[in-house]
Amino acid sequence: MNTYGYTKQVDLSFEEAIDSVTHTLQEQGFWVLSHIDIQEKMKEKLWEDMNKYVILWACNPKLAFEALSSEIEIGLLLPCNVIVYESDAKVFISAIVPSVALSVVENNSLQTMAETAETKLKLAIDNV
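Quick note, our numbering runs 64 ahead of the 1-based positions in the sequence shown.
Please note that the accuracy of each hint is not assured.
As the list claims (entries may be wrong) - As a list, the in silico DSS-like pairs of lysine-lysine whose alpha-carbon atoms are at most 27 Å apart:
1. Lys-105 with Lys-72
2. Lys-154 with Lys-109
3. Lys-186 with Lys-154
4. Lys-72 with Lys-116
5. Lys-154 with Lys-107
6. Lys-105 with Lys-116
7. Lys-72 with Lys-154
8. Lys-186 with Lys-107
9. Lys-116 with Lys-154
10. Lys-154 with Lys-184
11. Lys-184 with Lys-72
12. Lys-154 with Lys-105
Quick caveat, the hints were computed from the structure, so don't treat them as lab data.
Let the sequences and hints guide you as you build the complete structure.
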């Protein structure tokens with residue numbers, strides 16, 4: 065178990081998990097700005113096979129604006145990645161833990177934003 069991700073196994077198909085988490089992210093104020101099919105890209109670029117794996121780059125505009133207003137280069141670490149993947153014929157959804165991701169930044173004003181983002185991301189995953 066890692067400390068930087070919040071993960072849940074779901075009893076859905078891979079595609080249903082993507083649709084469901086996209087919906088629950090929207091309910092928490094996140095927009096999915098990018099959908100990257102890693103399985104497809106690894107096959108295309110490296111000719112390597114791997115399990116289904118998608119990265120959803122989600123953004124909560126209000127929290128992102130708050131963070132960028134506090135520290136302009138925080139865009140390098142905005143805690144917005146959500147992944148959906150298959151492992152051993154099971155489907156998992158995982159989100160970054162913003163408080164861990166932003167712990168490298170020495171700016172205490174970002175802590176409240178990180179806690180809010182973390183709560184919302186966990187709710188989105190829990191509600192799948």
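Here's how the hints hold up against the structure:
no.	hint	verdict
1	Lys-105 with Lys-72	holds (24 Å)
2	Lys-154 with Lys-109	holds (26 Å)
3	Lys-186 with Lys-154	holds (20 Å)
4	Lys-72 with Lys-116	holds (16 Å)
5	Lys-154 with Lys-107	holds (21 Å)
6	Lys-105 with Lys-116	holds (11 Å)
7	Lys-72 with Lys-154	holds (11 Å)
8	Lys-186 with Lys-107	violated (31 Å)
9	Lys-116 with Lys-154	holds (10 Å)
10	Lys-154 with Lys-184	holds (24 Å)
11	Lys-184 with Lys-72	holds (15 Å)
12	Lys-154 with Lys-105	holds (21 Å)
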